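Chain order of the listed sequences is C and V. Counting from 1, one number per residue, gives the positions in the first sequence under my numbering. Counting from 1, one number per residue, gives the positions in the second sequence under my numbering.
Treat the hints with care, since some could be wrong.
[Unchecked claim] Partner residues aside, some chain V positions facing chain C, computed with beta carbon under 7 Å:
| hint | residue |
| --- | --- |
| 1 | Y89 |
| 2 | A93 |
| 3 | A96 |
| 4 | L211 |
| 5 | K249 |
| 6 | G253 |
| 7 | V256 |
| 8 | L263 |
| 9 | P264 |
| 10 | V267 |
[Claimed, not checked] Pair ranges (Cβ atoms, derived):
| hint | chain 1 | residue 1 | chain 2 | residue 2 | range |
| --- | --- | --- | --- | --- | --- |
| 11 | C | T53 | V | D126 | 43 to 49 Å |
| 12 | C | R117 | V | G109 | 45 to 51 Å |
| 13 | C | T53 | V | S242 | 47 to 53 Å |
[As the list claims (entries may be wrong)] Capping the alpha-carbon separation at 30 Å, the derived lysine-lysine pairs in DSS-like fashion look like this:
| hint | chain 1 | residue 1 | chain 2 | residue 2 |
| --- | --- | --- | --- | --- |
| 14 | C | K85 | V | K272 |
| 15 | C | K85 | V | K293 |
| 16 | C | K88 | V | K293 |
| 17 | V | K272 | V | K249 |
| 18 | V | K272 | V | K147 |
| 19 | V | K249 | C | K85 |
These aren't lab readings, by the way, just hints derived from the structure by calculation. Computed from a prediction, not measured in an experiment: that's the story for all the values here. C-beta: ideal position from N, C-alpha, C; glycine also.
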Amino acid sequence: MQDLLNVVTLGSIYLLFALGMALVWGTIGILNFAHGATFMFSAFVGHLVTRETELPFLPVVAVSVLVGAAIAALTQLLAFQPILKRSKNQHAAEMRILIGGIGVAAIPLALAQHQTRSSPFGFNSSYDAEVMDVFGLRLTTTSAVIIVSGLAIGIGLTVWVRRSRQGLALRAIGVDAETAAGMGVNRTALAFGTMATAGALAGLAGALLTFQLGAIAPETGDQLLIKAFAIIVLGGLGSMAGTVIGAYVLAGAETLVLNLNYGTWVDAVSFGLIFLILLARPQGLLGRKEVRRT
Amino acid sequence: MSDWYAMNVVLIQTTLTTLLLALSIQVPIRFGVFSFAGVGAFGIGGYTAAIAMVHLGWTTWPSVALGAVLAGVVVFALGLVVQRLTGLYMGMATIAFTLIVSVVAVNGGELTGGPGGLFGALGEIDTGHILAVVVVVVAVLVWTEAKGMGRRVDTVREDPELATAMGIDVARYRLASFAISGVIGGLAGAITTLLRSTITPAEVNFHMVVLALTAIIVGGARSWLGAFIGAVIFVWLPTVISFVQEWEKVVYGFLVAVAAIYLPNGVLGLIKDLVHRLRTRQERARMAVLQEKG
Numbered sequence: 001m002q003d004l005l006n007v008v009t010l011g012s013i014y015l016l017f018a019l020g021m022a023l024v025w026g027t028i029g030i031l032n033f034a035h036g037a038t039f040m041f042s043a044f045v046g047h048l049v050t051r052e053t054e055l056p057f058l059p060v061v062a063v064s065v066l067v068g069a070a071i072a073a074l075t076q077l078l079a080f081q082p083i084l085k086r087s088k089n090q091h092a093a094e095m096r097i098l099i100g101g102i103g104v105a106a107i108p109l110a111l112a113q114h115q116t117r118s119s120p121f122g123f124n125s126s127y128d129a130e131v132m133d134v135f136g137l138r139l140t141t142t143s144a145v146i147i148v149s150g151l152a153i154g155i156g157l158t159v160w161v162r163r164s165r166q167g168l169a170l171r172a173i174g175v176d177a178e179t180a181a182g183m184g185v186n187r188t189a190l191a192f193g194t195m196a197t198a199g200a201l202a203g204l205a206g207a208l209l210t211f212q213l214g215a216i217a218p219e220t221g222d223q224l225l226i227k228a229f230a231i232i233v234l235g236g237l238g239s240m241a242g243t244v245i246g247a248y249v250l251a252g253a254e255t256l257v258l259n260l261n262y263g264t265w266v267d268a269v270s271f272g273l274i275f276l277i278l279l280a281r282p283q284g285l286l287g288r289k290e291v292r293r294t
Numbered sequence: 001m002s003d004w005y006a007m008n009v010v011l012i013q014t015t016l017t018t019l020l021l022a023l024s025i026q027v028p029i030r031f032g033v034f035s036f037a038g039v040g041a042f043g044i045g046g047y048t049a050a051i052a053m054v055h056l057g058w059t060t061w062p063s064v065a066l067g068a069v070l071a072g073v074v075v076f077a078l079g080l081v082v083q084r085l086t087g088l089y090m091g092m093a094t095i096a097f098t099l100i101v102s103v104v105a106v107n108g109g110e111l112t113g114g115p116g117g118l119f120g121a122l123g124e125i126d127t128g129h130i131l132a133v134v135v136v137v138v139a140v141l142v143w144t145e146a147k148g149m150g151r152r153v154d155t156v157r158e159d160p161e162l163a164t165a166m167g168i169d170v171a172r173y174r175l176a177s178f179a180i181s182g183v184i185g186g187l188a189g190a191i192t193t194l195l196r197s198t199i200t201p202a203e204v205n206f207h208m209v210v211l212a213l214t215a216i217i218v219g220g221a222r223s224w225l226g227a228f229i230g231a232v233i234f235v236w237l238p239t240v241i242s243f244v245q246e247w248e249k250v251v252y253g254f255l256v257a258v259a260a261i262y263l264p265n266g267v268l269g270l271i272k273d274l275v276h277r278l279r280t281r282q283e284r285a286r287m288a289v290l291q292e293k294g
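My request is simple: use the sequences and hints to build the entire structure.
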């Protein structure tokens, strides 16, 4: 049972991270490779700020969320938007956005590595995690916050994309960007907002994971990026509910491998999942949209 | 000249091996396949050559050949499995493949040396040997870039439907690009490993994908010459500007992002555009003179 609780905590972290990526990729069609770097750098700025002054829990999280949103918005404004404007077709744009994202991601990563000499960093916070006893299980307050916010935001976003007018507009862009624009959807503004939201989620995940683990390394973001990709592919691109399920499935599978004493193979779980799903069911568990094929 | 060569022999060798690695990523992209499997092939080739030398007691060139062939076969098999994927899905599946290679190397026990890697595989390779390999590889690639073959490859990339209509077997061309990329990547890995005498799992990581991408995106993705320009810029820039040395990764990230946005065809594309414009202007001037006379 304790394992199950750990799975839910881990899955919620994955979920918070993957939701932003899934939202951006599934709607405005941008696979943001800088998402991992955004995640890491928001936590890193939190680290820099708390090095100056000790802060309680919420302000640190707020700093990270704001920094995450700012980085993602800047990425959209300075890199992805110009690429979209200059690309002839969707296929070329996808590739250039992927490559541009890889380039953008290298900058914050290198800055953080330069500052920390690639060693892990944490927060200097007045917050101390307390251990609660829930039905005989150990649950830290940090884990509780992670689980609650992960589930709440996951379900909230799912419902929002399905029910609200903006969600409808976003899904319309995901199906056919040109027709959506013809129907009066302001694609540029929506894309900007979506990216900023995704960045904020990355910042939230960064702050919460750093509180949970005590410290994270600059490279943590890269590993999470591949895991998030596995989660999105597993759940089905464009399906928010699929992302929620995928996050917990991946966390469960990884914990299982870890408990079977194959610890060094843990990373291979997500890579293997990407492979299996792409080959056996390319639309994912809950996806409806077919993978484009030539 | 010989003094200069003696001082920079390591840099010259690194330029050549970087060129090979960059070519292994560039070939599939030129065929319209967004595959990063070349970096995985680098790992397979490097490990195979090192194992052949350390455990089997083979000499240098049979080891290199075994590494290149095995990498080619494995990547070709990967191509058979993932060939129906397109665009981003292909990119991520091949990144997953590359990272799986590294996880397998970590778990290879005595054979691969585990996380510490393999040591003591020092081959007898000098610059002349590497240059010969590079010349052969480039000669093959020039053949795929020139005349009818070049046009067929361009069509397979730019418009697969048109290519099929013209009687070109698109699937076969794409599979061939996997095999070529695997062999070149394997050569790069085997030669690099036997030059340095060591290989570790940490080398076959996401960072190496970024390095190879940097070279071809900055140089130019359409021709081997672009990869060469990229490899030269990438290897020599830190030695020329010390500022670059300290902030190496930041500069590269910035270069990749800028190239993805403004120079989709790299420095080579820029040069070609300039030459083209210059010629057009000369031609116009000539025509104007002729008209005045007439």
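Against the structure, the hints come out as follows:
A least Cβ separation of about 6 Å between Y89/V and chain C falls short of the 7 Å threshold, and the interface hint therefore holds. Using the Cβ-Cβ criterion of 7 Å, the hint placing A93/V at the interface with chain C is satisfied: the shortest such distance is roughly 5 Å. About 4 Å separates the beta-carbon of A96/V from the nearest beta-carbon of chain C, less than 7 Å, and the hint is met. Because the beta carbon of L211/V sits about 10 Å from the nearest beta carbon in chain C, more than 7 Å, this interface hint is broken.
With a cut of 7 Å, the hint placing K249/V at the interface with chain C holds, because the nearest CB-to-CB distance is about 3 Å. The interface hint given for G253/V is met, as the beta carbon of that residue sits about 3 Å from the closest beta carbon of chain C, less than 7 Å. The criterion of a C-beta within 7 Å of any C-beta in chain C is met by V256/V, whose closest approach is roughly 3 Å, and the hint holds. About 10 Å separates the beta-carbon of L263/V from the nearest beta-carbon of chain C, more than 7 Å, and the hint is not met.
About 6 Å separates the beta-carbon of P264/V from the nearest beta-carbon of chain C, less than 7 Å, and the hint is met. Look at V267/V: its Cβ only gets to about 15 Å from chain C, farther than 7 Å, so that hint breaks. Range check, T53/C to D126/V: about 58 Å between beta-carbon atoms, so the 43 to 49 Å window is missed. Remark: the range hint 45 to 51 Å for R117/C to G109/V is contradicted by a beta-carbon distance near 31 Å.
In this structure, T53/C and S242/V break the distance hint of 47 to 53 Å, their C-beta atoms being roughly 35 Å apart. Between the alpha carbons of K85/C and K272/V the distance comes to roughly 23 Å, so the proposed pair stays at or under 30 Å and holds. For a cut-off of 30 Å, the pair hint linking K85/C to K293/V is broken: about 45 Å separates their Cα positions. About 42 Å separates the Cα atoms of K88/C and K293/V, which puts this hinted pair outside 30 Å; it is violated.
A distance of roughly 28 Å separates the Cα atoms of K272/V and K249/V; the hinted pair therefore holds under the 30 Å criterion. Restraint check: the Cα-Cα separation between K272/V and K147/V comes to about 18 Å, which is no more than 30 Å; the hinted pair holds. Between the alpha carbons of K249/V and K85/C the distance comes to roughly 27 Å, so the proposed pair stays at or under 30 Å and holds.
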